[in-house]
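Visitor: One-letter residues, chain by chain:
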Amino acid sequence: MSDTSPERAGGATGADPSALAQTIVFSGVSVVRDGRTALDRVSIGFEEARVGIVGLNGSGKSTLLKCIIGLVAPSAGTVAVDGRDALREARAIRRTTGLLFQDPDNQIVMPTVDEDLAFGLKNHGFSKAETAERVAGALVRLGIAPLARRRIHELSGGEKQLVALAGVLAISPRTVLFDEPTAHLDLKNRNRLRDVLHALPEQAIVVSHDLELLADFPRVVMIEAGRIVRDGAAADVLAHYREANR
Amino acid sequence: MIAALARPGSSPLHRTAAARKLAALAAIATLLFFVDAPAPLGFAFAAGLAAARSTGVRFAEIGSDLKGPAAVLAVLGLADWWLVDAATAVSVVLRLGAIALFAHAVTVTTSTAELTAVLERLFVPAERLGLLDAARAALTVTLAIRFVPLIVEEAREIRQAQAARGLDGSITALAVPLMVRVIVRAEALADAIDARGFPPERAVVAPSRSPEIRPDREVPTP
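Protein chains in written order, with this note's numbering: chain A, 1 to 246; chain B, 1 to 222.
For the record, the hints were derived by calculation from the structure and aren't laboratory data.
Within a straight-line C-alpha distance of at most 16 Å, the following computed EDC-like cross-link-like pairs (lysine to aspartate or glutamate) qualify:
#1 188(A) to 212(A)
#2 188(A) to 210(A)
#3 128(A) to 201(B)
#4 128(A) to 114(B)
#5 188(A) to 159(A)
Only a predicted model underlies this, so the values are computations on that prediction, with no experimental measurement involved.
Based on the sequences and whatever the hints tell you, model everything.
Guide: Here it is in structure tokens:
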């Protein structure tokens, strides 16, 4: 019987998140697209196991995440992940850093669950045997093993979000970037995803409008018009964010 | 046919290599276009039905999966009967019906990943000639299979929203927002595909438990 333990397949449950955490450094990063400034001279570092990011729509939160894995090229400045340049070494960074998109339908590429999980593994060069092992392990880890052969278009929104997350975790990233992970979920699935997120051994950087989700994070950053305007403990930053947007 | 997709099973067709099944399907389809007599076409239709049933899928499900092609065939048959004669109409319906049934048998016994792998291999000669990128071309086919149901669902949502505003029946009111949604989704999907490490690293020998991290071969220009 194949070993589908989380340690072998898609993560290291029980590991200390701060031990897995990568150091992500933005140095004077600006992003200008179509004449609009998405990020404006951002200099910040992330090395905590949990970091929350809040801000209004269009404030630059998603752009910040995409810069980390080289999906968006800064107009100025650099982003480094554990000392590797996010643009020049994007492939290597994507091997250790996964991104969970807001809408799982934009992230799931293959028509069935097990094939989709295998997609990322194939891209990263895993053998067929190890791919099968990791797919099974990631599904077990998130409690969705019965969905393995299901067709994506038959799944609920919550199930799709977990499948997308399983696809990210299957490659054993050290960091998972979450882009508004609960935006499309009902209350039950939101609570389920919150439990999953809190139990993750991987470093997590979470962009969210769901302030409850970030309430016990050690660090939260607030972005406004592409600039970091507040950075500190969740209680302080979230209170300021609520007050500023009354 | 899209709705059919692969279903788990252990039939002989499930155990047959995807490349062989696709080659046989291509050969049968080609051969049938050289046959006009209703008797052999009827035999082919029956064989197609037997092949589809041999996969373990019930006749009712086969019928449900092939509703769309059956409707098109009915229209084609009626048109041939009207424009040519009944014998031609029967031949056309039997020929295309047989091909659809064989294709169904292949579809339900072949995973999309297997299909993509075969297509990728088929595209390699064209890639060597510099005509296309085999991995990307195969992925395009996969994405079509994945996203057709989603786009149909989005079209239904838009149609309902427009109907609520009294715009039911307007093609423009459906087509424009649908196109915008598809374009926006395509952009997000392109990002997701990149984020998941596509294109595959072909040169890499199967990595160990912790694959060696290698720098990108190409350096994007900031």
